[in-house]
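Protein chains: 2
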Amino acid sequence: MEKNSVSKATLGRLPLYLEMLRECEPNKVPYISATVIAKKLSFGEVQVRKDLAAVSGAGKPKLGYVTTELIERLEEALGHNSLTSAVLVGAGKLGRALLQYDEFERYGVKISAAFDSNEQVISLGSKTEILPMNQFEYFCKTQNIQLGIITVGAGSAQAVCDKMVKSGIVAIWNFAPCKLKVPANVLLQNENLALSLAHLNNQLCNFN
Amino acid sequence: MEKNSVSKATLGRLPLYLEMLRECEPNKVPYISATVIAKKLSFGEVQVRKDLAAVSGAGKPKLGYVTTELIERLEEALGHNSLTSAVLVGAGKLGRALLQYDEFERYGVKISAAFDSNEQVISLGSKTEILPMNQFEYFCKTQNIQLGIITVGAGSAQAVCDKMVKSGIVAIWNFAPCKLKVPANVLLQNENLALSLAHLNNQLCNFN
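Chains U and Y are the protein sequences, given in the same order. Going by my numbering, the first sequence opens with residue 1, and the numbers climb by one from there. Going by my numbering, the second sequence opens with residue 209, and the numbers climb by one from there.
Hints in this document: simulated from the structure, not taken from any laboratory. We treat Cβ as the ideally placed atom computed from N, Cα and C, and that holds for glycine. Some clues are possibly wrong.
To be verified - Short, incomplete list of chain Y residues facing chain U, as computed with Cβ under 8 Å:
1. 232
2. 405
3. 406
My request is simple: use the sequences and hints to build the entire structure.
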C-alpha cells in the first residue's frame with residue numbers, strides 16, 4: 001500500500017466522502033465527478049478536488065472518478081485495510097469512554113486491549129478486554145503494538161509512558177494533564193481537554 | 209475584572225505557574241523572579257516573561273513579582289473568581305467522563321448540570337446532577353448559562369445544538385462527529401477525538 005501524508009483537515013473529511021460514495025450505490029453510479037461530490041456535501045469544489053487528489057489520481061475528463069476505485073482509495077487512506085492496533089492504559093471513566101467510542105475504526109485504529117493497575121476496574125469488564133498491568137509489556141511485544149493511549153492521572157502518566165516506550169510503542173496519545181518526556185524517535189500527541197474548554201471559555205469572556 | 213485575550217498556549221501554562229507559586233508558600237517567598245520561575249518549571253525565561261506579561265505587569269527590577277499579587281493575577285486570568293457555568297447534554301460514557309474530569313475548574317469552567325433524554329441514564333446519577341431534557345431550556349434561562357457541551361451521537365447533535373441556541377447559549381463545545389450549523393453570533397468549537405487519533409496514526413504510518 002502506498003502511504004501518503006495527508007493533512008489533518010483533509011483526513012477529517014475523508015470519512016464523509018467515503019460514506020457519501022457508499023450511499024450512492026456504486027453499481028448504479030459507476031462514475032462520479034468532483035462537482036457532484038462537492039454539491040452533495042456542500043463543500044467547495046476546489047477543496048474536493050484537492051482532497052481527492054491527495055488520495056487518488058485526478059478523475060477522468062468529462063466522467064469523473066470511477067466510484068468503486070475512489071471508495072477503495074479512500075478506504076486505503078483511512079487505513080481500513082490495515083487497522084493499526086493500539087492499547088490504552090487507564091480504564092477509568094475517560095478510558096472507558098474511549099473504549100466505547102465507535103469512531104476510531106472508521107479512521108483506521110482499533111484498540112486491541114486496555115490495561116489498568118486497579119483490580120476493581122479490571123473486574124468491571126468492557127467490550128474491549130481489560131488486563132492487569134503486569135501483562136502489558138508481554139502483550140505489546142507479542143502483538144507488535146505501536147500506538148499507546150494514556151488515560152491515567154497526571155501522577156502516573158510518566159511511568160506509563162516509560163513502560164510504553166520500553167514495550168516498543170512509538171506513538172503515544174496522552175490525555176493526562178502533564179508534560180511527558182519521550183525519546184526523539186517516539187511521536188507524542190497531547191490531548192488536553194480542559195485546555196480546549198478553557199480556550200472556548202476565554203473566547204467567550206472576550207466576546208461578551 | 210479586566211479581561212485579557214490570552215493565547216491557547218499561554219493559557220495552558222498558567223495553571224502550572226499557579227501551582228508552583230502556591231507551593232512556594234508566598235509568606236516565605238514574598239518576591240519571585242521570572243528567572244527563578246523559569247528554572248523551577250524548566251521553561252525558557254523569555255517564554256515565562258511573555259506569559260506573565262500577558263496576565264500581569266512586569267516584575268519589579270531586581271526583585272521580581274510580588275508572589276501574592278502574581279497568584280491573584282493568575283487566578284483572575286484563569287477565571288477562578290468568576291467560574292463560567294456550563295451545561296452538558298448527553299450523559300453517556302463520554303459525557304460522564306467529562307463530568308468526572310477534575311481539570312475544568314482549574315481553568316475557570318464548572319459544569320452545573322447535565323441533561324439526557326434517557327431515563328435510565330438519569331437514574332444512574334453522578335456527582336453532577338443529571339436532569340431530563342424537558343427541564344433544559346428553563347434551567348439554562350434561569351441560570352443564565354452561556355456555555356454548552358454536546359456529547360450526544362451525531363444523529364441528535366443538531367437538534368441539541370438548536371435547543372442550546374434557543375436557550376441562550378452562545379458558546380458550544382461539540383464532541384459529536386458531525387458538522388453543526390450555528391448562527392454567526394454563536395461560538396462553536398469542535399472536538400473530534402477520532403480525528404486526533406487518526407492524525408497520530410497517519411503520522412505513524414509515514415514514520416515507519
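> For this structure, which hints from the list above don't hold up?
Replying inline: Hint 1 is the one this structure does not satisfy, whereas the remaining hints hold.
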